[in-house]
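Let's have the full structure, built from the sequences with the hints guiding it.
If you read the sequences in order, they're chains D and W. Heads up: the first sequence runs through residues 1 to 123, numbered per the working numbering. Heads up: the second sequence runs through residues 1001 to 1421, numbered per the working numbering.
Source of the hints: derived by calculation from the structure; they are not laboratory data. One or more hints might be untrue.
As the list claims (entries may be wrong) - No farther apart than 25 Å at their CA atoms in a straight line, the calculated lysine-lysine pairs in the BS3-like style are these:
no.	chain 1	residue 1	chain 2	residue 2
1	W	Lys1402	W	Lys1319
2	D	Lys78	W	Lys1155
3	W	Lys1155	D	Lys79
4	W	Lys1093	W	Lys1326
5	D	Lys78	W	Lys1156
The primary structure of each chain is shown beneath.
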Amino acid sequence: MKEYEKVCIVCPVGCRLTITEDSNSNNGYRVEGNNCPRGEKYGIKEVTNPTRVLTTTVKISGAHHDRIPVISSDGLPKKKLFECMEIINDVNIVAPIKAGDVIVEDILDTGVDIVASRSMDKQ
Amino acid sequence: MLNYDIVVIGGGPAGLAAAIEAKKNGINNILIIERDKELGGILQQCIHNGFGLHVFKEELTGPGYAEKFINELKSLNIEYKLDTMVLDITEDKMISAINTEDGFMEIKAEAVVLAMGCRERPRGALSIPGTRPAGVFTAGTAQRFINMEGYMVGKKVVILGSGDIGLIMARRLTLEGAEVKAVAELMSYSGGLTRNIVQCLDDFDIPLLLSHTVVDIKGKDRVEGVVIAKVDENKKPIPGTEKLYECDTLLLSVGLIPENELSSGAGIELDSTTNGPKVNESMETNIEGIFACGNVVHVHDLVDYVTEESIRAGRNAAKFIKKELKKDSHTINTKAKDGIRYIIPHEIRVENLDNTLDMFMRVTDVYRDAKLVIKADGEIVREIKKKHLAPGEMERIKIPVKDIKNNNISNITVEVQGKVK
Ligand SMILES: Cc1cc2nc3c(=O)[nH]c(=O)nc-3n(C[C@H](O)[C@H](O)[C@H](O)COP(=O)(O)OP(=O)(O)OC[C@H]3O[C@@H](n4cnc5c(N)ncnc54)[C@H](O)[C@@H]3O)c2cc1C
Ligand code: SF4
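This is the structure:
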């Protein structure tokens, strides 16, 4: 039986999780040490398909800054983070932009969008 | 001369929340003065997510969190001046400020809210020997360069200090293609949140060197390397443990200091532990009608708490204008005892409390399975069990007013009982 030790990063509490393979359980794993149900979901995901929300910036022209912050609409596979960065770093956009505007749609066929995390007016 | 009921100095999350709340409490003549070219304060450069879990129950980025307040401010038609620097405040609330459009201005306020935030401890405040080549930045400066101006600070980086800003920057630099060689931390524990150690360092295999410090910086024009050594219990480098890390950039993430030159100038009494003004239950300083909130009072790690505290400051500044703030009330002093570094507020005028007394504090060490013990004149009024306490994580305690109101308590103390980890 395989056992993993992980720290839950869903909220600042940082529960220490023990995730054990368990064929009797519905989803194949047993999670211990979580203070709330989100920790269980995170623990199983972390040992099956770990994902991370990505925050970075995109080049923008016509605004009062040269970069605009963006965020992934959901977790991206951890393995693909650097590949996503390459795509995002090639993007150039022009102000005005509204918070929530989709900047890159369905990045790397993950079903996740990269969206602006703030608005920037045209200068 | 300009006249306002309330002038808020600083347009970061603290200033925004205070102004919005004052307006909602019936004060119309409010001005925010901000030296930067936009509102939002330091949040505008904190592009990572994790803000607003308490206030909005969702995870926002720093700019996203700021935008919610900026939009509300605008919809309430609260006046603000950007690119405007406050130079001086006097005890009778005369504010001198300057910008390129209006020139030098004198502004008379009935009440002032100080919300100037904090600044980073620069290299000068540390004693790292060695040359002074280019390539040494404070973490916050680097954050601003990369996230707002798109200027990459270096390719091979060492970070000194493992507080959240240092950790966040380690990930940010790595994602942008730099190699972060190590994060060195003088203490035997990280000042940052565990989740940040996991997702900013462990995810990218960046080593965290606890009980280590930078003892030398190499390079003439540009940083070429730094020497890191292990330190003993007294934080003194241990000879023979030095190791050279080749790098072109050193980031310093070694602490924040509340920005209080203006406060001192006005004769406001500061607490030597927090470096911020001493405040009462209403977030009012020792000068009547001058309030303070956010990082200018004490360094916060959660912006949500900044907002909470600033709402209180704004509401009470409005009460002050409406002459509803009670001056002569029974007063309780707070005192930090064993294991507690400081408590905000310093003084409590019981008559001004609504439903609860809210206290913010920090502990001095890392504790496990401990409890916070609150005593009124030596008698326990409440014990709060804590699995984990750390200096990097601010604690908040709420005490129902009924527990303290009708007694003639003269002081409230908080202490930690439990083992240092
Ligand atoms: C580099 C850095 C990174 C941080 N990262 C995080 C993070 O990731 N997560 C988190 O929760 N917290 C973070 N913090 C803490 C963060 O500062 C607080 O959460 C919050 O932003 C504090 O709000 P504030 O309004 O008190 O201060 P600030 O946001 O600093 O706002 C103060 C404002 O006052 C203005 N000002 C100062 N002096 C004057 C003057 N004389 N005249 C006119 N205007 C003036 C400044 O320009 C600034 O806009 C960080 C802090 C720093 C310094
Ligand atoms: S298990 Fe729940 S409480 Fe614990 S860190 Fe995860 S989200 Fe937070």
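Evaluation of the provided hints:
no., hint, verdict
1, W/Lys1402 - W/Lys1319, "holds, 22 Å"
2, D/Lys78 - W/Lys1155, "holds, 22 Å"
3, W/Lys1155 - D/Lys79, "holds, 22 Å"
4, W/Lys1093 - W/Lys1326, "holds, 20 Å"
5, D/Lys78 - W/Lys1156, "holds, 23 Å"
In the structure shown, no violation is registered for any of the earlier numbered hints.
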